[in-house]
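A.B. asks: Keeping their order, the protein sequence lines are chains A and B. Just so you know, we're using this note's numbering here: the first sequence kicks off at 5 and counts up by one. Just so you know, we're using this note's numbering here: the second sequence kicks off at 5 and counts up by one.
You can't tell identical chains apart in this list, so a pair holds if it fits in one copy or across any two.
Distance condition first, Cα-Cα at most 25 Å in a straight line; then the derived DSS-like pairs of lysine-lysine:
| hint | residue 1 | residue 2 |
| --- | --- | --- |
| 1 | K124 | K108 |
| 2 | K128 | K37 |
| 3 | K108 | K37 |
| 4 | K108 | K141 |
| 5 | K124 | K37 |
| 6 | K141 | K128 |
Simulated from the structure, these hints should not be mistaken for laboratory data.
Protein chains: 2
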Amino acid sequence: MPRLLHHPLDPASRLARLMFAEYGVPIELQEIKPWVRDPGLLEINPAATVPILFEGGEPPIVGALAVIHSIEERYSPTAVAGLFPAVASDRAEMWRLMEWVLGKLNDEVTRYVIEEKIVKRDRKSGTPDPSVLRVAKANLVEHMLYFNWLFATRHWVAGDSMTLADFALASHLSCLDYHGDVNWEGAGETRDWYARIKSRPAFRTLLSDRVTGMPAHQGYADLDF
Amino acid sequence: MPRLLHHPLDPASRLARLMFAEYGVPIELQEIKPWVRDPGLLEINPAATVPILFEGGEPPIVGALAVIHSIEERYSPTAVAGLFPAVASDRAEMWRLMEWVLGKLNDEVTRYVIEEKIVKRDRKSGTPDPSVLRVAKANLVEHMLYFNWLFATRHWVAGDSMTLADFALASHLSCLDYHGDVNWEGAGETRDWYARIKSRPAFRTLLSDRVTGMPAHQGYADLDF
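Looking at chain A on its own, in the form it has when it is part of the complex:
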């Protein structure tokens, strides 16, 4: 059985878990706090990031890009049914949005929230910095406007079919939602899309995640939020 080194509130780990769940592949989860920079982790991944995937006796598969390509190549049932679209221009649009989420949304929003609300708390190195969280919140408002604009003309984030980019976006928003950092009141089309993706069977595993000493925000696991 594939074993995934992950953190429950790490969006890239969530993306890998959603892929496995969607493809019906049971996995063994092993939780780790990557920011602790455990020597065992650094030996496998000097960048000290998760996810890291172990498959049998093969070398570990390290980092989001390696892991998503590996899961898609190994477990996607067919090119058509997989999370990577079969048509080249649809795939290009998926990668554009993947880069938006893994790069821009992460840089401008998610990583600040993780650093301030999870890492600092775990390290006991002070309380979250409100000015940093304010910037992240303001940036998230801009991102949500862009997603609303996209969803006004398409059913899924990269087009009319669900792709890996939907899982990437849902991974980030669900991490933010765990802390109550998504304003669903003003989220319009993005809220409808999130309700749709949240009710997929693959999503269940994420909704039961709980981090010790850090209760999920009310509504986090509700399908009718």
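Chain A is fixed; fit chain B onto it per the hints.
C.D. replies: Using the frame of chain A, we list chain B on its own:
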């Protein structure tokens, strides 16, 4: 002929150009300053990044991840001869290093140098901030130590064959080298590797790049640097 919207000192654009050159595909280059956020650019790519690839009448292919996948799928001569390794574990190692370069090296070094030395100058919004450049320089020292460590046991950055990860790393180091920001004196194995990749025919196009009002550092185009 494919048309690439790019900036000569943008590492992701350089990566795309290296791929085209390696695969022997002539392209039309169209230079743009993405930080100006021209309305025409924002319409195609609200993230205001390059590269953006135009192929015939198809929708534009936007961003590094979309462009590299598209070039590989369209122009790689065969799976074996392409820049994506044929063996799954080698591909995983390539993606790990791609993420290192496109994510970590960019975050910790390249984007600071570009912002301080190119964007600020072009916008006439002040001089480079020495404290930011000091941090970038210190971070680069750490990265170079890691690359030296890798090259001590392998011929190319992701293993014994050249892959896309070599082009990604070379794209970033060549941008930094344009400004004279790479200390080759202490670069050991990484210098040997760079000399090797710099002498590939595909690299020539980058070495003749010049940005108006910003001369290349001495040695930038020398194969014996």
